[in-house]
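A.B. asks: Sequence order for the protein chains is A and B. Take the first sequence: its position 271, counted from the start at 1, is 348 in this note's numbering, and no numbers get skipped. Take the second sequence: its position 292, counted from the start at 1, is 369 in this note's numbering, and no numbers get skipped.
Since the hints were derived computationally from the structure, they do not count as laboratory data. Watch out, some of these pointers could steer you wrong.
Identical copies go unnamed one by one, so any copy, or any two together, can satisfy a pair.
What the hints assert, rightly or not - For lysine to any residue, the following SDA-like pairs were computed, each having C-alpha atoms within a straight-line distance of at most 20 Å:
1) K314 / Y351
2) K275 / G333
3) K292 / Q366
4) K300 / R149
5) K315 / R289
6) K300 / L140
7) K326 / A356
Fair warning: this is a prediction, and the values are worked out from it, not measured in the lab.
Number of protein chains: 2
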Amino acid sequence: MPSSLVECVPNVSEGQRREVVEEIAAAASQPGCLLIDLSLDADHNRSVITLVGEPRSLARGVLELVSRAVERIDLRTHRGAHPRMGAVDVVPFVPLRGVSMADCVELSREVGQAIAERFAIPVYLYEESATCEERRNLATIREGEFEEFSQKIRDPRWLPDFGGPVLHPSAGAVAVGAREFLIAFNVNLATSDLRVAKKVAAAVRFSSGGLRYVKALGFPLEKRGIVQVSMNLTNFKKTPILRVFELVKREAERCGVSIAGSEIVGMIPREALYPAAAAALQLEELASQSILEERIEEALHEGR
Amino acid sequence: MPSSLVECVPNVSEGQRREVVEEIAAAASQPGCLLIDLSLDADHNRSVITLVGEPRSLARGVLELVSRAVERIDLRTHRGAHPRMGAVDVVPFVPLRGVSMADCVELSREVGQAIAERFAIPVYLYEESATCEERRNLATIREGEFEEFSQKIRDPRWLPDFGGPVLHPSAGAVAVGAREFLIAFNVNLATSDLRVAKKVAAAVRFSSGGLRYVKALGFPLEKRGIVQVSMNLTNFKKTPILRVFELVKREAERCGVSIAGSEIVGMIPREALYPAAAAALQLEELASQSILEERIEEALHEGR
Chain A
78 MPSSLVECVP NVSEGQRREV VEEIAAAASQ PGCLLIDLSL DADHNRSVIT LVGEPRSLAR
138 GVLELVSRAV ERIDLRTHRG AHPRMGAVDV VPFVPLRGVS MADCVELSRE VGQAIAERFA
198 IPVYLYEESA TCEERRNLAT IREGEFEEFS QKIRDPRWLP DFGGPVLHPS AGAVAVGARE
258 FLIAFNVNLA TSDLRVAKKV AAAVRFSSGG LRYVKALGFP LEKRGIVQVS MNLTNFKKTP
318 ILRVFELVKR EAERCGVSIA GSEIVGMIPR EALYPAAAAA LQLEELASQS ILEERIEEAL
378 HEGR
Chain B
78 MPSSLVECVP NVSEGQRREV VEEIAAAASQ PGCLLIDLSL DADHNRSVIT LVGEPRSLAR
138 GVLELVSRAV ERIDLRTHRG AHPRMGAVDV VPFVPLRGVS MADCVELSRE VGQAIAERFA
198 IPVYLYEESA TCEERRNLAT IREGEFEEFS QKIRDPRWLP DFGGPVLHPS AGAVAVGARE
258 FLIAFNVNLA TSDLRVAKKV AAAVRFSSGG LRYVKALGFP LEKRGIVQVS MNLTNFKKTP
318 ILRVFELVKR EAERCGVSIA GSEIVGMIPR EALYPAAAAA LQLEELASQS ILEERIEEAL
378 HEGR
């Protein structure tokens, strides 16, 4: 595995024509830039493409992906349930190994500038890369969506970070930024009462007084006849997954409801699983040299 | 990382002269056979050497290690608290990746035969490699130790599996076998009452009615003024570590005592940590494709 590793998760505004999404994703795939996941959502008419690679190769791959998406997606005819402002809607970079958040911010700025210059698409920097507090939140940037963005982009408060204040006619605008790894974590409750899921979600999420790095909503799972607390953990290092689970469990118990089970949607890093195991076992310490495979990789490295 | 990986953990009867132990361990170290841990115990006058490698390279490394140990250790002058019958006392092979237990049994037989032929050391096959039930347990084989083994080896019931029924004059005999990975797991109890540790140990260990793959003893931790349940988990796949921890916790609670903390001595495989995390989070499933780094390694492999 390369020593510097970054994840990039472009979201593109096409989730119905699989061949188009696969073509766009394949454009990114090249030596040093691996396509590790591709997830289409037909209702949202949107896809999530997960790439992993060394910073330089990843940047090249992302630019190829944008190039193909601009050719193949026209927002003027795009309809879907999910809000969007661009053919490539959002491009987050996530530090995985051997790179800092500051490195990813720098990478997002380089890629953002290149997108503006090569494709004449206006670029907004968001999350850790944001140039002011107001632009940190993607939802705030995207407000008005593609249809109203020709107006919004001329507002002096909303001049793009890169590129002129002119929307790309078919590809719109794009948000590029750096953020922590996001874990999508759902906990299913052994009840059909949606109010319990909504109450538990409200208790654990940041926006209503809960844990700092948790977003949560209550949903029904129609087929199973139960309900779900659906969460995004936006910083598992500071708000660890086991703490979130245990709080959900306690809040559900308070309503007399037990946990039916839970699931990870997409991927979870080892660095989130190890602490969960260590906390469950009350380990006083879990050094990486104590984990067999980590120690072997270290020894292989020393031996080189 | 190589696709076939075996661990070998030779125990040698020298734990005081560090330079001797390091020389013996270094003899094993060669391309494809990595030395990943070295642990000396002066009171026991015994050392545990942890090697990892592809089966063929590992076998070569182990034979070099035995060769050096025979030169440097003389059991006729050896004293230590731990029972032993050989200069190299025991050589267990453990399947880690891409090899089965049957492969490790076969490997242990090959290495055992080579030890008998090259060094004229009688070899007993134990654990999964044992040729009869009576030889499965190392303690039973080792009974009488080096001092009484010249007698025992002539008993028709105790003829060696490889080599003539003659003890090596200075290096004694050796047990070679295959077994599952062993996790040394200690749980500290928030009490100074040794009876509680002994009671909990008796409740959880196999020999007195507890969990199948658990050995346990109660010890005082003099410096910290608390007590410890010290365990060997001999098959973490069948008796998972979180289940052991939770049973210890319940049994301690029954005596009004809570857990102060726990520790892994040596190493623990990922394959033991992932299920502990999954169980603690009540995950309905934890596929390896859901673990980011496993998925990346898979994608790197596909890309080759």
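A.B. asks: Give a verdict on every hint.
C.D. replies: A quick look at each hint next to the structure:
1. When the C-alpha separation of K314 and Y351 is checked against a cutoff of 20 Å, the pair qualifies both within a copy, at 11 Å, and between copies, at 17 Å.
2. For the identical chains of this complex, K275 and G333 are intra-copy neighbours only, at 15 Å inside a copy versus 38 Å across copies, given an alpha-carbon limit of 20 Å.
3. For the identical chains of this complex, K292 and Q366 are neighbours neither inside a copy (34 Å) nor across copies (24 Å), given an alpha-carbon limit of 20 Å.
4. Taking the shortest Cα distances, K300 and R149 never come within 20 Å of each other, neither inside one copy (36 Å) nor across copies (70 Å).
5. In the homo-oligomer, the alpha carbons of K315 and R289 lie at most 20 Å apart inside one protomer (8 Å), although the nearest pairing across protomers, at 38 Å, exceeds that limit.
6. Taking identical chains as interchangeable, the C-alpha atoms of K300 and L140 are never at most 20 Å apart, the minima being 41 Å within one chain and 60 Å between chains.
7. For the identical chains of this complex, K326 and A356 are neighbours both inside a copy (16 Å) and across copies (14 Å), given an alpha-carbon limit of 20 Å.
Of the numbered hints listed earlier, those contradicted by the structure are 3, 4 and 6.
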